[in-house]
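Number of protein chains: 2
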Amino acid sequence: MAGYKRYRKEDPVSYALGITLTFELLKYRTRQVTRVFIHSEMKQGETLDKLMALCRDAGIEVVYTNKIFNVLSQKENCYVIGEFRKFKGTLELDHSHVVLVNPSNAGNMGTIMRSALGFGLQQMAIIRPAVDAFDPKVVRASMGAIFSTNFVYFDSFAEYKEQFGARELYPFMLDAQSSLHQIRPQGTFSLIFGNEATGLPSEFAQIGTSVIIPHSDRIDSLNLPIAASIAMYETTKHIIHA
Amino acid sequence: MAGYKRYRKEDPVSYALGITLTFELLKYRTRQVTRVFIHSEMKQGETLDKLMALCRDAGIEVVYTNKIFNVLSQKENCYVIGEFRKFKGTLELDHSHVVLVNPSNAGNMGTIMRSALGFGLQQMAIIRPAVDAFDPKVVRASMGAIFSTNFVYFDSFAEYKEQFGARELYPFMLDAQSSLHQIRPQGTFSLIFGNEATGLPSEFAQIGTSVIIPHSDRIDSLNLPIAASIAMYETTKHIIHA
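Taken in sequence, the protein lines are chains A and B. For the first sequence, my numbering begins at 1319 and goes up steadily by one. For the second sequence, my numbering begins at 1319 and goes up steadily by one.
Just chain A, same shape as in the assembly (with noise of 0.2 Å):
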């Protein structure tokens, strides 16, 4: 009978906090579900009903307990939570990718897990050291887009380049070749950007065609998850359509 205990690393499982994200998990990862807790306060209605339906259609137990949320939610009006077995994503060769080097913060990497997806670029290397993805602040910022997201992480940058590198390579850096305005790629890429702090390292200029997103000195960077999604928007805008 044990306790409920904070999300670590570690863990096999993870968590969706909040009755939408939970949604997503049940639409897009029904099979990885364990549990689905509901706390006292939740309101009875159709909401309810048909998170009940869709945990009872899939087999899923349901967990009447309050104890969880004080120990994995901070936030008030979180009523239920989505507990998950984490899984495996793998990456596709003709597939274009976003590649986050060393990214140190969870909830951006959960915002430009959501925006790729909203620009069909769900395929998305990490390279450590990095954050944990599964971390449940991840899984609440993607806004579900996790749960659609193939990621694999990667010890160094060298062995995503041995897999992946017979592709269009774009590094993002302010000391870069090119600007993002002349970027057309023609085939499969991969977008790679830097650390929040630190920015790739300059050897990256090396490789592939380096990019910079044009911008006034009056600042010094873009934040990264609006600079990855500049970057995404304007090189899939030729596979995008209004």
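Everything labelled a hint here was simulated from the structure, so no lab data went into it. Honestly, I wouldn't trust all of these hints.
Just so you know, same-sequence chains aren't split out, so a pair can sit in one copy or run between any two.
[Stated by the list, open to error] Using 30 Å as the maximum straight-line C-alpha spacing, the simulated BS3-like pairs for lysine-lysine come out as follows:
{"hint": "1", "residue 1": "Lys-1323", "residue 2": "Lys-1393"}
{"hint": "2", "residue 1": "Lys-1327", "residue 2": "Lys-1385"}
{"hint": "3", "residue 1": "Lys-1555", "residue 2": "Lys-1323"}
{"hint": "4", "residue 1": "Lys-1345", "residue 2": "Lys-1385"}
{"hint": "5", "residue 1": "Lys-1479", "residue 2": "Lys-1404"}
{"hint": "6", "residue 1": "Lys-1455", "residue 2": "Lys-1361"}
{"hint": "7", "residue 1": "Lys-1393", "residue 2": "Lys-1479"}
{"hint": "8", "residue 1": "Lys-1393", "residue 2": "Lys-1406"}
{"hint": "9", "residue 1": "Lys-1368", "residue 2": "Lys-1404"}
{"hint": "10", "residue 1": "Lys-1323", "residue 2": "Lys-1406"}
{"hint": "11", "residue 1": "Lys-1345", "residue 2": "Lys-1361"}
{"hint": "12", "residue 1": "Lys-1327", "residue 2": "Lys-1393"}
{"hint": "13", "residue 1": "Lys-1393", "residue 2": "Lys-1345"}
{"hint": "14", "residue 1": "Lys-1385", "residue 2": "Lys-1361"}
{"hint": "15", "residue 1": "Lys-1345", "residue 2": "Lys-1404"}
Mind docking chain B on chain A? Use the hints.
For chain B alone, kept in the frame of chain A given last:
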């Protein structure tokens, strides 16, 4: 001898938390700075010397105290706080604007100011009800961009439109006439964005040229600062060169 209190919207002053932000404050809003607070754990050295010299040259009072840090800053590594009088901005008829209708999140507002400054759109109209732009969370998320931003509050969009409606107006909404891919402003313009949760009210579809940022139906929407930043990037491209 009043003690230090939490920041409130009604206060005549606000705060730049941290040394980087305080340098930005001193650089761009010197005459608004009322005091600079220094924590006892602030390291001696070049950075502090530079800060002290700037304060001395500008006749700004330096206060050694740890108390205000306990009240204002939850972050570790915050050893300098710049206090400043709130300032008034003005919008110009011949300058393009960003218009935020009912923004509710301080971090988002600051992030938008940072991108806006990067894309030369540092004139911002804010339509009430709205978050307080001088909230230290906005200041921090803006990375100092707020000190170079001219922002003005309006009680309604009608009030803004009365003064500034004779320009290209682009309300961003999911149910829109045009795709961002097709939009090329010819003259002075305003980019209009709605609240984080609800977007723009449907009547904005009748104003100017409504615009959508095309994305897949796998996400409901892009997050607000990301949508705003992509829009600013695209509409200022012909002005900002690599």
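Check each numbered hint from earlier against the structure, then list the numbers of those it violates in ascending order. 3 and 7
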